[in-house]
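Going line by line, the protein sequences match chains R and L. Counting from 242, one number per residue, gives the positions in the first sequence under the working numbering. Counting from 242, one number per residue, gives the positions in the second sequence under the working numbering.
Simulated from the structure, these hints should not be mistaken for laboratory data. Warning: the hint list may mix true and false statements.
Identical chains share a label here; the pair holds if one copy fits it or two copies do between them.
[As the list claims (entries may be wrong)] Within a straight-line C-alpha distance of at most 20 Å, the following computed EDC-like cross-link-like pairs (lysine to aspartate or glutamate) qualify: (1) Lys284 x Asp360; (2) Lys284 x Asp391; (3) Lys284 x Glu386; (4) Lys284 x Glu337.
2 protein chains.
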Amino acid sequence: LLHASASPTVGGVLGRTYDNEVCSAARALEVVGERWSLLIARKALFAGATRFGDFRSLGIATNVLAGRLDGFVAAGIMTRRSPAERPEQTEYLLTEQGRELVTVVVALTAWGDRWLAPDGPPVHYTHTGCGGRIAPALVCADCGEVHGADEVRVRPGPGMPAHLAARMPDPGD
Amino acid sequence: LLHASASPTVGGVLGRTYDNEVCSAARALEVVGERWSLLIARKALFAGATRFGDFRSLGIATNVLAGRLDGFVAAGIMTRRSPAERPEQTEYLLTEQGRELVTVVVALTAWGDRWLAPDGPPVHYTHTGCGGRIAPALVCADCGEVHGADEVRVRPGPGMPAHLAARMPDPGD
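Extracted from the complex, chain R is given alone in its bound form (with noise of 0.2 Å):
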């Protein structure tokens, strides 16, 4: 399904090229790319929530919710079972797929703090155990260290169709 919904824009009747086509972003984005995706995976993330009425509380839509939930179920990011104690009930709980996406709601709200949050960070994520402070990182399998955009390039990968990678721009080193 996740094809499914990737595939039909390739080429398709919007003139997209391969900046948003062949790329995992925009793949992404066309599964939780917009505003109450992230909210909804960060409140089943953190928050324990697993019933409709749980995410209720975030303020969105009951026709938008739905909508959400059965989207995410549909791209695997969730599951939807009934308590065999409680049948009629419905929970919705993050597959392994949706639990990776901690690293970006993580990113994003590092992110809100350091530019949206005059007053310091609503919370802090910290790690289980030992209870430090977590924080997005970008790391390179060489050297380690990344220290800002200016030191990361783009380059073409296996899943770059070799024509659309002849087109990529070269940004030097």
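Let chain R serve as the given structure and place chain L on it in line with the hints.
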């Protein structure tokens, strides 16, 4: 202005609660929380896009793109300038705030690479100079390593009003 866009929703007509009000992820999503915003930032970060036409190749509708670029300037993510030698031309340049979205973009791409890229990653992010592969990570200030969402807890920070902090669940650990 960022304040102006974040504050009106507090206790606003939509009945939102602290979940999406006093939360830097929610504030960040108010600025970059739809599909195109991060793709525009990504194109500026990694493809050197500065002019309206550069961003058009994303396949975004003209009116939507104009709105997003104006929004980015209003939010402090980009600045608008005209080159002295070409005063009729407008360039959009990422600010420091905008450039720091790199962590969010790389985290989102990595998630898409893992779950939505059956042919392998379309692109790699590499480190200027050493050429090493760049990956997102979560780092604990105390012990260094964070292995997954299960190890991440949320705690009230200085920007959380006390009466709302008291309502936050204590997830133990």
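How the hints compare with the structure:
1. Lys284 x Asp360: neither (22 Å within a copy, 32 Å between copies)
2. Lys284 x Asp391: Answer is between; shortest inter-copy Cα gap is 14 Å, intra-copy 33 Å.
3. Lys284 x Glu386: neither (31 Å within a copy, 23 Å between copies)
4. Lys284 x Glu337: within (15 Å within a copy, 29 Å between copies)
In this structure, the earlier hints numbered 1 and 3 are contradicted, and the remaining ones agree with it.
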